[in-house]
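*Asks:* Going down the list, the sequences are from chains A and B. The C-terminal position of the first sequence is numbered 257 in my numbering, with every residue numbered one higher than the one before it. The C-terminal position of the second sequence is numbered 287 in my numbering, with every residue numbered one higher than the one before it.
Hints were generated in silico from the structure; no laboratory data involved. There's no promise every hint is true.
If we take Cβ atoms under 7 Å as the criterion, some of the chain A residues that face chain B in the derived model are [claimed, not checked]: (1) ILE144; (2) ASP145; (3) THR151; (4) ARG153; (5) SER154; (6) TYR155; (7) ILE157; (8) LEU250; (9) GLU252.
Here are a few chain B residues that sit away from chain A, every Cβ distance over 12 Å (derived from the structure) [as the list claims (entries may be wrong)]: (10) GLU19; (11) LYS28; (12) HIS32; (13) GLY51; (14) LYS88; (15) PRO127; (16) ALA136; (17) GLY143; (18) ARG190; (19) ASP192; (20) LEU193; (21) LYS203; (22) ARG247.
We treat Cβ as the ideally placed atom computed from N, Cα and C, and that holds for glycine.
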Amino acid sequence: MKILKSFGYLLGLPLILLTWWWLATSGAPNFFVPTPAKLVTTFIETWFGERMLTDVLPSIMRLVVGVLAAIVLGIVLGLAVGLNRTLRAVTEPVFEFFRALPPPVLVPVLMLLVGINDGMKVAVIISGCIWPVLLNTIEGVRSIDPVQNETSRSYGITGFSRIRYQILPSATPTIMAGVRQALSIGLILMVISEMFASSSGLGFTIVQFQRSFAVPEMWSGIVVLGLIGVALSFIFQWVQRRVLRWYHGLKEVENAV
Amino acid sequence: MQSENPTSHQGGRTLPEGEALLSVRNLKKVYHTDAGDIEAVRNLTFDLGSGELVCLVGPSGSGKTTLLKCIAGLLNSTSGEVLLDGQKVTGPPKKMAVVFQEYGRSLFPWLRVAENVELPLKNAGVPKEERKRLVAEALEAVGLDHVPRSYPWQLSGGMQQRVAIARAVAYQPEVLLMDEPFAAVDAQTRADLEDLIRSVWKKLGVTVLFVTHDIDESIYLGERVIILSSSPTIVQEDIVIDLPAERDQLETRSLPRFTELRHHVYAEIQKAKQGHRPEEAITMVAK
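Extracted from the complex, chain A is given alone in its bound form (with noise of 0.2 Å):
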């Protein structure tokens, strides 16, 4: 019973939304508007040949190596700057001038310097992944306790080790906020990256589709899109729950008070 309700909250809505658009769309053709029968068969037929190993996974590899990259060098940097009065001082200007640029306007520069190649479509996503992992590291070290930098300082816990055992666990709920907000501009920068000057790829293939008026075939590539954000925040979910499973049942414990 249990188990059929929650399948029911999961289900619910989205059935309600595919009955309401299959309804209008059943009546009077649109040709801009797909039936669901046939958005199925286009996208069976689309995506699932070579158009998957071509575009889908060359773009899928391009959006974790970038985010992987940010996320990396967002902690790394931010470790750095975070501890560090000075270096804050005079970074925190420049950042926020750096994170205020909407990441896109730097397609075409990055064309010139890096060249188009996947170099560039990579460089993109980095250049505006890196911005909230590295903004909340810089937070989450700085907010970092006093009790516990006196424990670990007067046990002997210093430099390195101090940043294993106490400075990242401790940074890790703010760190993950940033990473989930890396996630969603992750794929957009993907697709965005790939509409300039580029001959493969889910965002050139679903202008492409848009431009020869294959309208099935353009809507089944954003339903792509969207498969690929929901699994990449299961992913961001399962990890989350691994990594913060203390924080959420201390912040259970907090609240229950």
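For chain A, the structure is supplied; the task is to place chain B on it using the hints.
*Replies:* What follows is chain B alone, placed relative to chain A:
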């Protein structure tokens, strides 16, 4: 006999050179703030012999925590020095462990109970087998050997402070510093923890410096009580607690001698609050 004053020293008691484990000499701490200098500790001198259990008691705001942090090497003193085994303390020494008042913030919430106790040993490079043994012994000593896999925040306040004590004990320090460790736990838990400190002290022969604002607690726990003046702090008096070694929450606290000592310490702290300074300390400062 019963009305006799406690054996006391004006100023802190010192030991002949070479006999003290921990020496505090003319310690002074001034905080420099935008609003001007604040003299938290004026001049403190006292010694701790090996294996002593000494309580530091003083009115609130008397710089007790400042003093403890200077001894622990967490704060630099403005002048004067702290010596451990004849070595000047410049940073947190390896032979010292600190138990903080804020147990909830001092334990790492991402580590389980046993991992919290193990961390300082792991960091110090103690071999795994040895670590396991030390952690198990420490948890047993504080009566927590049944919850090694719990997280600290799943435990009650008193149990969390036990974990912090176990962590300090497992570190095998020569000196155990405790900064009002029981100020945030309820009265019944507090009594249990006081007895725990006595038993750990007896079993391990560790030297304990216990800071508290609670007069009864200082007398019940200590073999010796150092009374601090109000800020700027000097040693008001240093008295020996001549109560029987076996202490019991009911028996000891109802002894006439306990009441006498309590009266004495209370009166001294009242004097301290009114700004009274012992002669010797004043001349010491003047020098």
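*Asks:* Which numbered hints are broken by the structure, listed smallest first?
*Replies:* Of the numbered hints given earlier, those the structure breaks are 1, 9, listed in rising order.
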